[in-house]
Amino acid sequence: GAGVSQTPSNKVTEKGKYVELRCDPISGHTALYWYRQSLGQGPEFLIYFQGTGAADDSGLPNDRFFAVRPEGSVSTLKIQRTERGDSAVYLCASQEGHHTDTQYFGPGTRLTVL
Amino acid sequence: QKEVEQNSGPLSVPEGAIASLNCTYSDRVSQSFFWYRQYSGKSPELIMSIYSNGDKEDGRFTAQLNKASQYVSLLIRDSQPSDSATYLCAVNFSGGSYIPTFGRGTSLIVHP
Chain A
313 GAGVSQTPSN KVTEKGKYVE LRCDPISGHT ALYWYRQSLG QGPEFLIYFQ GTGAADDSGL
373 PNDRFFAVRP EGSVSTLKIQ RTERGDSAVY LCASQEGHHT DTQYFGPGTR LTVL
Chain B
109 QKEVEQNSGP LSVPEGAIAS LNCTYSDRVS QSFFWYRQYS GKSPELIMSI YSNGDKEDGR
169 FTAQLNKASQ YVSLLIRDSQ PSDSATYLCA VNFSGGSYIP TFGRGTSLIV HP
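Top to bottom, those sequences are chains A and B. To convert a position in the first sequence, counted from 1, into the working numbering, add 312. To convert a position in the second sequence, counted from 1, into the working numbering, add 108.
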């Protein structure tokens, strides 16, 4: 079946603008994770959803970052007042449910803030 | 601060050799350990998970876990040029909501 999809694949924006990044998880997967990966680094956790609720948002760097998953499927990561330091690849991963289940990553959205 | 440490490399091995990738972590009571492969410009792909001390083999890959030494490794036998990628170690530290903490990854180059 279909894997995790993310849109857009690339996003270029100007400093101070608002952006939304979308993640479509594998159908039926209850857990959804957002990560940020900078060049030469491993993925850095941002937020984790179990169903519709954010089970852990301790990785969000500040209040400019927010994510929703209103129907327990698609999730949107929202970044307000973007800064150049927000430039990175934003990865989404979905997981069937249990923490030992495999996480399946999407292709990522490359965000560039000019 | 819970950390996962990996040598960034690159680790260069000839085709057919055994590649040994190492990872150390800071929390003695961690429960779940993962190795991901990430090709350049692509997203991570899980290749091995291990939860108990000892070895776990899957094809050409063997994961080794030593909780006393807080050390997990990945061996790749009969390395192929197609194995050239960055290998990420991830640990689910105990006491939290099972969020994996990733190392920075080790770049592996398998040359013909």
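If you are wondering where the hints come from, they were derived from the structure by calculation, not from laboratory data. Just so it is clear, CB atoms sit at the ideal spot from N, CA and C, and this is done for glycine as well. Check each hint, because a few of them may be wrong.
Footprint (simulated), chain A over chain B, 3 or more residues, beta carbon under 8 Å [to be verified]: (1) 115-128; (2) 206-218.
List of simulated lysine-lysine pairs, DSS-like, C-alpha gap at most 27 Å [claimed, not checked]: (3) Lys175/B - Lys110/B; (4) Lys150/B - Lys390/A; (5) Lys175/B - Lys164/B; (6) Lys390/A - Lys329/A; (7) Lys110/B - Lys164/B; (8) Lys323/A - Lys150/B.
Each hint tested on the structure:
Residue count for the region 115-128 of chain B with a Cβ under 8 Å from a Cβ of chain A: 1. That is fewer than the three needed, and the coverage hint is violated. Closer than 8 Å: that is the beta-carbon criterion, and the region 206-218 of chain B has 8 residues meeting it against chain A, so the requirement of 3 holds. Restraint check for lysine 175/B and lysine 110/B: the C-alpha separation of about 15 Å stays at or below 27 Å, so the hint holds. Between lysine 150/B and lysine 390/A, the direct Cα distance comes to roughly 23 Å. Compliance with the 27 Å bound is thereby established for this hinted pair.
Between lysine 175/B and lysine 164/B the CA atoms are separated by roughly 14 Å; this keeps the pair inside 27 Å, and the hint holds. The hinted pair formed by lysine 390/A and lysine 329/A meets the criterion: a straight-line CA distance of about 11 Å does not exceed 27 Å. A threshold of 27 Å between alpha carbons decides the hint, and for lysine 110/B with lysine 164/B the separation of about 25 Å falls inside it, so the pair holds. Taking the CA atoms of lysine 323/A and lysine 150/B, the gap is about 16 Å. The hint holds against a cut of 27 Å.
This entry does not satisfy hint 1, going by the numbered hints stated previously; all others are met.
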